[in-house]
Amino acid sequence: MQIKINTPLTRKKVKTLKAGDSCLISGTIYTARDAAHKRLKALIDENKPLPIDVKDSIIYFVGPTPAKDGQVIGSAGPTTSYRMDAYSPDLIRLGQTGMIGKGKRNNEVISAMKTHGAVYFGAIGGCGALLSKCIKKSEIVAYADLGAEAIYKLEVEDFPVVVIIDSNGNNLYETGPKDYLKQNK
Amino acid sequence: MREIDALTITNTVKKLCIDANCHLGCDIKNRIAECAKDEPWPTAKGILEQIIKNYTIADSENVPVCQDTGVACIFLKIGQDVHINGNLTDAINEGVRQGYSEGFLRKSVVRDPLDRVNTGDNTPAMIYYEIVEGDKVEITVAPKGFGSENMSAIAMLRPSDGVNGVKDFVLKTVLEAGPNPCPPIVVGVGIGGTFDKAAYLAKKALLRPIDKPNETPFYADLEKELLEKINALGIGPQGFGGKTTALAVNIEHFPTHIAGLPVAVNINCHVTRHKTEVI
Chain A
7 MQIKINTPLT
17 RKKVKTLKAG
27 DSCLISGTIY
37 TARDAAHKRL
47 KALIDENKPL
57 PIDVKDSIIY
67 FVGPTPAKDG
77 QVIGSAGPTT
87 SYRMDAYSPD
97 LIRLGQTGMI
107 GKGKRNNEVI
117 SAMKTHGAVY
127 FGAIGGCGAL
137 LSKCIKKSEI
147 VAYADLGAEA
157 IYKLEVEDFP
167 VVVIIDSNGN
177 NLYETGPKDY
187 LKQNK
Chain B
187 MREIDALTIT
197 NTVKKLCIDA
207 NCHLGCDIKN
217 RIAECAKDEP
227 WPTAKGILEQ
237 IIKNYTIADS
247 ENVPVCQDTG
257 VACIFLKIGQ
267 DVHINGNLTD
277 AINEGVRQGY
287 SEGFLRKSVV
297 RDPLDRVNTG
307 DNTPAMIYYE
317 IVEGDKVEIT
327 VAPKGFGSEN
337 MSAIAMLRPS
347 DGVNGVKDFV
357 LKTVLEAGPN
367 PCPPIVVGVG
377 IGGTFDKAAY
387 LAKKALLRPI
397 DKPNETPFYA
407 DLEKELLEKI
417 NALGIGPQGF
427 GGKTTALAVN
437 IEHFPTHIAG
447 LPVAVNINCH
457 VTRHKTEVI
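Chains as they are written, first to last, in this note's numbering: chain A, 7 to 191; chain B, 187 to 465.
The set of hints was computed from the structure by calculation and includes no laboratory data.
It cannot be assumed that every hint is accurate.
[To be verified] Distance condition first, Cα-Cα at most 30 Å in a straight line; then the derived DSS-like pairs of lysine-lysine:
no., chain 1, residue 1, chain 2, residue 2
1, A, Lys-10, B, Lys-239
2, B, Lys-239, A, Lys-74
3, B, Lys-415, A, Lys-191
4, B, Lys-353, A, Lys-184
5, B, Lys-231, A, Lys-142
6, B, Lys-239, A, Lys-142
7, A, Lys-74, B, Lys-215
8, B, Lys-239, A, Lys-184
9, A, Lys-191, B, Lys-223
None of these values were measured; they are calculated from a predicted model.
Chain A with its partners taken away, still in its complex shape (with noise of 0.2 Å):
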C-alpha cells in the first residue's frame, strides 16, 4: 500500500511515518544539494533569514539536468545524501521535516530527525528520467548562479519515495538486507 503525502509535510505526520513506508508526495518540495547547503548553513550561522521557508518542508537532493523545449525539468534523480549530513542538522532544528535522497545518512542528522521530528525518504538513485514525469512545475527561486545546484521549487504529483529512515531512527538499510538474508539464507 502507498500512502499518500500532501505538503506542507506536519510533524504529526512524519510521526506516523514508519521506515519501509511507499510513500508519494503530492505538492511543493525545494531542491537542494552541496552548494545550495552550503550558502543556507551561512545565512543561518549569520542569523539572516533563508531565500525559501523551510518549516515543514521537504528538500529534494537533486541538481536535474536542464529542460529541453517542452520539458518542465530535465532528468532529476536524487544525489547522495550524506554529503548534506553537515547542513542538515541545522535546517531540521529550524523545522524542515522531510529530506529526499538516496544513501546513509549520520548520527548527527538521524539524532536531529528524532529530537525534531524530521523524515528521510529515498528515491530511485538513477531514475531521473522516470522521475521527472512526477515534476509538474519547477522554477527557480534561489542562488540561479548555481546553475543545476540552485535551489528550485517543484509542484511534484505522486512522487514515488520510501521511508529509509523515520522519526524514531528506524532505518531501512539495517532492516532490508538483515530481513532478506533471513528469509534467503
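Let chain A serve as the given structure and place chain B on it in line with the hints.
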C-alpha cells in the same frame, strides 16, 4: 600517414557524449532484465522494474538516463600512422562542450577542487591517450557519475596477502559503500601495476562489456566468484535488501613490482555508460 581533421574528433566526441548519456548498452540492459527475473525479494524486484522503465524512457525520449551526466572520461587509441590536423586535446574538450550543451546534459565540473566554481561547460574532460599500431583513432566516451566514484578505493596490499587479500578488499569496499553508489553496481577492479596504474586499470575494466569475462581463465573465475560473494551480502538494489547488489565484476590486471600488490576498486552504478566509435 593518414590525416584526420581535429573537427572530426570534436564531432565524434560530441555525438558520443550525448549517445552514452541517453542510451545504456545492451550488455547492461540485458543483465538488469535477467536480474529482475531472478530476484527473489519483492521490493528488490520492484526497484529493478523501475530501473528498466527508466532506461526505456531515456531511450525513447532521448533524455539522460541519470541527472548526473558525469565527468566525461575519454579513452583514445591513436594509431601511430595518424596525424591530427589541429590541437587534439582542445578538439576533445570542444566536443564535450558542444555535446553537453546541445544534448541538455548537466555541467558538473568545477574549475578547482577547493574553490569549486563550475566551469559551466563540463570541461575539462579526463583524457587517456594510448598509442597503438595502425591508422585509425578509436574514441570511447564514458561519462562517470560521482555517487559511485566517491565509493571507490585503492589499497597497496602485501604480496603475502595474495588472492584472498584482494577478495577481502573488494568485498570490504562494496560493503562499506552499501546503498550510496546506487546499487546494483558494476565493480571495476585493477590489480597490479603501480598506485596510479591500478586505478587506471580499474576504470578501464568498467569499459569492458559485462557479458565478456576476462580472457585469462583464472581472472574470469575470480570475477565470477567475487560477483557471487558480493550478491550474497544482501545489500540489494538501492540498499533496501535483495540478491542483486552487483551486475558484474570486471577485472583488469598488469605486471607489478616484487614488493607490491596494488588493488583498486572503481565502483559504477547501474547506469554504467560508454560509447565507442572508430574513425
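Now for the hints, and whether the structure bears them out:
1. For a cut-off of 30 Å, the pair hint linking Lys-10/A to Lys-239/B stands: about 22 Å separates their Cα positions.
2. Between Lys-239/B and Lys-74/A, the direct Cα distance comes to roughly 20 Å. Compliance with the 30 Å bound is thereby established for this hinted pair.
3. Distance check on the hinted pair: Lys-415/B and Lys-191/A sit about 13 Å apart at the alpha-carbon level, within 30 Å; holds.
4. This hinted pair checks out: Lys-353/B and Lys-184/A have alpha carbons roughly 22 Å apart, not beyond 30 Å.
5. With a CA separation close to 28 Å, the supplied pair Lys-231/B and Lys-142/A stays within the 30 Å bound.
6. At most 30 Å may separate the alpha-carbon atoms for a hinted pair to count; Lys-239/B and Lys-142/A meet this at roughly 19 Å.
7. Taking the CA atoms of Lys-74/A and Lys-215/B, the gap is near 25 Å; set against the 30 Å cutoff, the hint holds.
8. Between the alpha carbons of Lys-239/B and Lys-184/A the distance comes to roughly 27 Å, so the proposed pair stays at or under 30 Å and holds.
9. The hinted pair formed by Lys-191/A and Lys-223/B meets the criterion: a straight-line CA distance of about 19 Å does not exceed 30 Å.
In this structure, none of the earlier numbered hints is contradicted; all agree with it.
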